[in-house]
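Chain residues, written in single-letter form:
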Amino acid sequence: MSTHRSFRSAMTWLHTWSGLLLGWVLYAIFITGTTAYFRPEITAWMQPETAIVAAPADAARAGFKRLQEIAPESKRWLVSVPDDRSRELKIYWEDPQSGKRFKNEDVSQPGEKNSVPRATLGGEFFYRFHFQLMLPHPWGRFLACTAALFMFVALISGIVTHRRFFKDLFLLRLGRDGRRPWLDFHNVTAVLALPFYLMISYSALVIFTPMLMPLAAKFLVPAKPAPAAVAGRELARAPENLNSPAPDAASWITPDKFELMLAHVEKTWSTERSVKRIEITHRGTPQASATFTRDSAPSTSYVFTDREVLKFSGLTGLPLANPAPPVKSLGTRIRGVFYGLHLAHFAGPALRALFFLMGTMGAAMVGTGLVLWTLKRKDRLTESGRGGRFGYGLVSRLNITAITGLPIACAGFLWANRLIPAAQAGRADLETTCFLIVWGVAALHAFARPAKFAWKEQLLAAAFAFGALPLVDLLTAGRQLDTWPRAEGLYVYFTAALLLLGALFGYGAFKISKRRARDAAPGGAL
Amino acid sequence: MSAHPHRSRHASSVRHRFAVASRALAALVGGYGLATAFTVALGRALELPKEEVVNTAALPAFLLYAGAAVWAFYASNATRAWLGIGLPAAVLALVAWLLRATPAA
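Chains as they are written, first to last, in this note's numbering: chain A, 1 to 526; chain B, 1 to 105.
Since the hints were made in silico from the structure, they are not lab data. Don't take each hint at face value.
[Unchecked claim] Footprint (simulated), chain A over chain B, 3 or more residues, beta carbon under 8 Å:
id	region
1	38-46
2	64-70
3	79-86
Positions of the beta carbon are idealized from the N, C-alpha and C atoms, including for glycine.
Just chain A, with the same shape it has in the complex (with noise of 0.2 Å):
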């Protein structure tokens, strides 16, 4: 009985700094990681200019035609084609200066007012947040993987600590005061969602397998010079053929081979589900060869080599025999499971909006979690009056730096994306630039007002940023009220997402003002 005890304690204390130290990284990863969950949707919005979609092969000639301007000596070329989610069109080619890095250029279709569409990064600022973190390559991914495995560890010594799981579900005591409620929330958010924190904190550490287990990989797979056998990996690159002859004129891949190619895609493809991905490699050479890549269909399972391709040779544009696809062991099945169920492209509308569900709880679970750290040791401070009062702080300050001023930094992201001006050089920069200064205006502000004051006055500051935002568009995008009617469904779903979280902002600083009134006193609680 007592090994019990303290094994629960144990998991206590575990669950308490795992949870602790990350848990700013970890509430970040899930903010921007569920929003990346409409990362096309957030793209669209934030161009506003670009056409509604061009037909698959329209938008592949013309990612090619801008490529034989941009980078005719480039070996490598790929052309990314709008889908019925994204309107992007994206070509990349590796720069032949360089030889490794890839440049790329949005040369999405203009709409109506054949306005060139704004330069920005789009949903890809939040999907690239969510796993790098804004850090140098390879450190947010490794940090964002720490935060996954701490993430894992703190959920299994969170359901040791508590298992009255279904009791806790209707044990929210809203009206009491201290930590109760706070306790409360946090086990709600996290016994409601607790199979997909689960799901999304493991998948997350299976997705980055390759660059976590690299001496596992090194003792598995022998270095020998062996031919490159990594099919369909994506960006993975066939080995150049640096003593390849003289360039044939035929193999650099003629816009009337490209045409012939197109006319077999059309003909083999639906025209629902078309090209998503045209990669011409090894331009050039007598191995030149372009392969088309088939939107991939609803499937839980995300394995690269499972899509659909075509391949054709660049010197006749005549299609080329397909790889067999490699057989896949049930480990890989599995993993490609765990890789879909992260990423939720499978999802159609209603079960994204419910996978954005689940991680905005558990973003609130982190949140209430990292309160409550702040609660319990303000009590503790208030028995023992001894030390530990600048741990306390410096918590309570970063609370409020993560929990309302990221959403505030990520609404001044979108302000910047209205404000600064369509045609204004380097404006996708400058939006990433302004959103790190709201950002540390709002960590300014965190650390040098009394926390009580700072926690209401940032929840007003995201309630005006998020529920003005629809007014800013309205006087920038070249809007007018009277569109309105023939507005895009996803146009009013944004608009009303904006003011709904406009509103939940309100309502936490119209309750957090409220609490102050009746607790007459000012102990600067939270």
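Starting from the known structure of chain A, arrange chain B on it as the hints suggest.
Frame of chain A; chain B shown alone:
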């Protein structure tokens, strides 16, 4: 050896702090070693193409890693925390070494 972290919350002695740091190292570094040894041993036991072997063998390794972290803070002292992770890691490394002759698929 050192006291259990939760039992000596208020004892902020240097010794206690070292013990907690030692447990944390056992969890992070020791756990990583255990996970790697496990991946190599399982990977060598499975006959899989080399593109799939690391990703497959590492699937259970992450669960083991988390388990090691839990053990590191549950063990009654820091020495036991290290032993409980180090010994299985050594055994797995031995198994991996014995399987080395298996021609890589």
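Comparing the hints with the structure gives:
no.	hint	result
1	38-46	holds (count 5)
2	64-70	holds (count 4)
3	79-86	violated (count 0)
Checked against the numbered hints listed earlier, the structure breaks hint 3 alone; every other hint is satisfied.
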